[in-house]
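Protein chains in written order, with the numbering used here: chain X, 1 to 1043; chain R, 10001 to 10212.
No lab work stands behind these hints: they were computed from the structure.
C-beta: ideal position from N, C-alpha, C; glycine also.
Treat the hints with care, since some could be wrong.
Within a straight-line C-alpha distance of at most 27 Å, the following computed DSS-like cross-link-like pairs (lysine-lysine) qualify [said to hold, decoys possible]:
#  : chain 1 : residue 1 : chain 2 : residue 2
1  : X       : 893       : R       : 10163
2  : X       : 871       : R       : 10020
3  : R       : 10004     : X       : 968
4  : X       : 968       : R       : 10168
5  : X       : 598       : X       : 615
6  : R       : 10173     : X       : 970
7  : R       : 10163     : X       : 957
8  : X       : 599       : X       : 542
9  : X       : 330       : X       : 126
10 : X       : 487       : X       : 474
11 : R       : 10105     : X       : 957
12 : X       : 893       : R       : 10071
13 : X       : 246       : X       : 346
14 : R       : 10105     : R       : 10004
15 : X       : 957       : R       : 10168
16 : X       : 968       : R       : 10173
17 : X       : 893       : R       : 10046
18 : X       : 346       : X       : 871
19 : R       : 10163     : X       : 1037
20 : X       : 970       : R       : 10168
21 : X       : 970       : R       : 10163
22 : R       : 10071     : R       : 10046
23 : X       : 432       : X       : 599
Footprint (simulated), chain R over chain X, 3 or more residues, beta carbon under 8 Å [unchecked claim]:
#  : segment
24 : 889 to 901
25 : 929 to 939
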Amino acid sequence: MTRIDKRPTEKGSGNLNQFKIILNKTCCVFLDVVLKLKAFFYPVVITISTALCASPNSNLIIDVWQTENGLPQNSVISMIQTKDGYLCVGTLNGLAKFDGLRFTVFDENNTPAITDSRIVALFEDKAGNIWISSEASGVFLVKSDNKIININIGGGNRSGRVVSMCEDSSGAVWLYTADGQLCRHREGRIDVWNFEHGVSSGLRLVVAGENGEIGVATERTFSVIGSTAGLDPKELPIILSRQFRKLDYVLPAKKGGYWVLGDGRIRRYKTGNIEEEIGGYNWSPSFPVTSACEDSYGNLIVGTLGDGVYIVKTRSDGGNGNGYAPHISKENGLSHNYVLSLLVDKEGTLWIGTDGGGLNKVRRSVFNLLQETFGMTAQSITESPDGALWFGFNAIDPTGCVVARLFENKFQVFNITNGLLNSSVRSVFWDKQSNSLWVGTWGGLFRLFGSRFQVVGGSDALMGVIQAIFQDKKGNIWVGTREGLLKYDRKSWRMYSTRNGLSSDNILSINEDSGGNLWIGTARGGINKISENGNIEKYLRKDGALPGDTVNSIFVYEPDIIVAATSGGLALYSNRWFHITAANGLPCNNISFAIKDKKGELWLGSSLGLIRIPKAQIYDFLAGKISSVYCRTYGKADGLPTGECSSGSQPSAWMAKDGRLWFPTIKGVISVYPDEIKPNPLPPQVAIECLWIDGVALFTNSISSLIPPLVTILPENQRLEIQFTSLSLRAPEQARFRYKLEGLDTEWNDAGNSRLVRYNKLQPGQYRFIVTACNEDGVWNNVGAAINLVVKPPFYRTFWFISVCSILILGLVVLAVHRVSTRKLQIQVERLKQKEALEKERSRIARDLHDQLGASLTQIALLGELAEADKDEPLEVESHARQITQAARETTKVLDEIVWAVNPSNDTLEGLASYICRYTQEYLAAANIRFRNDIPARLPDIPILPEVRHNLFLAAKEAITNVVRHSKAKEVWLRLIIEQDLLIIEICDDGIGFPGFEMVEQKKRSGLFNIRKRLQDIGGEFQIESQQEGGTIVRLKAPIKRP
Amino acid sequence: MPIKVAIVEDNAQFRNTLGKVLNRAEGIQCIGLYSTAEEALEEIPKNPPDVVLMDINLPGMDGVECVARLKKLLPKTQIVMLTVYEDTENIFNALKAGATGYLLKRTSREELLDSIRDVYNGGSPMTTHIARKVVQSFQKAESASASESLAPREQEVLELLAKGFIYKEIADKLGISYETVRTYIRRIYEKLQVRSRTEAVAKFLRSDSKNV
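Bound conformation, chain X alone (with noise of 0.2 Å):
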């Protein structure tokens, strides 16, 4: 953007070509909302030079936006300002919709159903339809749904062109072209009149009056067509017709009626008559009209071709209330003198287009920079009471501007001819009580008698650097120097430093309470406090009181509340340190100065510009209703030279009597009327221009701005953009903005300045993101734009996903439960039947040794009846003896199985083989057989259940006993074998066998019935066979586990 920044001159055009070039793409918006910069957007300016002006109301400021900063054609023909609050502009080269940053062009190439880039005419009508008038393709209307359709009105060729588009308040649209046809266009219907058709004309315009009322103008006639609705009607009702010799220009006017330029005289038609005679042209009548319009206050606002605008007051109350010059061309900085269009948006700014030079953006400057100072660094300001403010500089030429009174508009300087040796000027100060001036410099402390300066002696430090000079109600001078403080009280200089307990002696800013404590700021050694008793109460940046510890200024805001600006932000004292700094919503935190105006709002000096902080901010600050502090920062492109204010002086800025404050710039000094800084109070439309997904644009900024009632997101998309704009165009840079995407954020993100915004990896679900904006004056859109999204779910989170998977696992989990609770029954079952293995075994112990051992005690005891009984009979008594011994025998002998059986320690194969054999050997030893065993040396380490253990050797005692009782055989061979999980105890004999197992099987029945029982019962087989070499071969098989 180009910003030829003027103002008229004393010298008149000197410095015409001279421009401020603002180095800015207009793409610098796209800055990531996610990083939450919150620095101001500014672009970075480079000033080659500024022309000076020292009269008030004259002040424009006029940017200019030209092809390189992305408008389609320096020639700028028509323009609107949308519903949407877009600016719409037509040139040659298309369409163009800005946001007052960023141009966004729409022509042949992007916008194929405009087929002629060549814009001559835009209207938009109370629906929102855009009509776009083509130099030779006649009329595209853009429907609000963004569907463009041709309609075939002036096609064809150049002078069948729509020049001129209204509607009437019947809702019907009326379109003029050149070769003057006029056109209704009605619900989809077009009627065509000839109107002054035939006649040549430059002039051709429609214009909407009131009741249905349209007004036609052509160069000779200024017609008035009463209301055609519900006619139908073949002749036009004209209801008035005025022949002019040169009409310029005719536009409805906001009181009603017509105003109507020609003739070179202004007038108001109404009703068919002259309302209101404004007067003559205030330009000269050599120079066509080309647009007309009329601001809020009343004022005709005029372009002419060639002799850029005229700005007319029709207000019989003097004021034209714009604060516009009267004339606006290339003298104050207008680009073009050729006007094509104007337009005065919805905040009252005023737009120019221009012939050539682009579209130009005019404001009024509310600062006033005094001429006389500009390009000087101007550091403190004061007011004598006649009026005079004096200036202090830090002047660079000892014989220049040193020191300057300004007084009636008379610029006086000072300097080394008037006895003020050093030419840097920190301090100028009016001392009420001796009616003189005092000046601190770099090197010295000065007063000025008549016009004469004198050096102030009396203390050492006077000689050095003095930075501050304040008076207290006592009227006694207090100085600040590099050195200490200085007290005056008229007789002699007192001094005091960190000797007496300050915490510094590098003294910048001096000010006094509603109690009478001196409040004593000082560079890195915070604030000292000085009670009327001498008590210093110091205030540091270590112990939370000050955001930083070089005060450059204090100043008493209220009674109460003492403001302090520091190199660390702003300090508020009010009973507690409140601090205001860049993290709450100052621009930067080093602040130079602060003072209040009448209205209470506080002024602050900064590096980035002055700073207003209006008063209910700063109260409820305070009181703890706000976290941050809105701010209005006022640089170059408000008209200042620069955005660097002064530090180091006290006093610095100044309020004079008439509330006028003024400033001391690194540039010069400025001055203000708080009363003419009008905020704007229209909260900016914002729009939703944009959005990406994953770089690829799924809707762009359209004619129509029309945002998609849904936006789908696929799972896969990783990253979301949305751009967004706030339609204030009286100052674009100081938009603020704030988003929330509802589904995820609960709060606003401040986005600061940041028309981009972006998302990664959105989890699925509904969302809803919602933007707002601020104007530069901290008014807030409440509604704002708002887009639906919808981040849809990958595959695996789609409910038929989830259903599956959910069963599945609800499956495994039954399946889990279902197996760990079978495996908890099988284990009951299992302890169970251990339990009544256990009781089984337990109740064969019981029952053995009731019966065997019972049986046998109980024949023992009788025995031994008997034998008592017969005590005489001695044969019968050994017969007795004999049998008790026997029985006894028998017994320990069942004891010793029956203990054997229940011994754990014999649960082996070990265990039951030696016991097997121990038998074996024993019972055919009291037969006379002879026991072989094969019996392997060693046998594995095999646990044994004790019922297996036992029904194998009751088997084998068994099978023992047949073969003692029935085989007849000389030799038995008892064979163990482990063959993978089975157990074999082979018994075989060389006996006489047995004939037949059918015969042994009936026979023998219950006894091999019970070895085959006792091997069924543990799983085992039996096994009977004769050999053929004679003998019998028993086998008893039983499983094993191997450990």
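Keeping the supplied structure of chain X fixed, place chain R upon it in accordance with the hints.
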């Protein structure tokens, strides 16, 4: 000279009955009845018997431990274990500790007396299942010095014994005298004891070196 026998048995009734049985027998004299191992260890050395009948399960110090200690004090005294059950493991441990044989308490009087006499005369009763145990023990042999490992004939005798052959059969089968079989078996017992002592020493050495 009758065979002097001492009895270590905690059951007073059985001890006294057994004492009576022995005293009635010809050529056998019961010279001491002791109810605990501790008492036996204190009293027996004062009047050493030829044969000690030792119960395995004793209150306090058990019979196996008592055998080991008594054998050290009286190497020439033969110790026969008395046991109610054929508790192979304990019997074998006792044999390793120095006992020469074992008897079941339910053994008949004749058998008991025969066994005492046999042991006294240098016999060594060894049943098949004990023989199995001994075979196993020698199979485990870690070190094999001559004094500890069995001579081939001894090995043969032992294996036959483990197969169920009785002394007489072994003698016949090997063409040696019954006495020789007995001698072999006595030697097997001795080697078993040596082995078990060596084992103990080896264990001791091992544990010692471990501690150092």
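In ascending order, which of the hints set out earlier in this document are inconsistent with the structure?
Structure breaks hints 3, 8, 9, 12, 13, 17 and 18.
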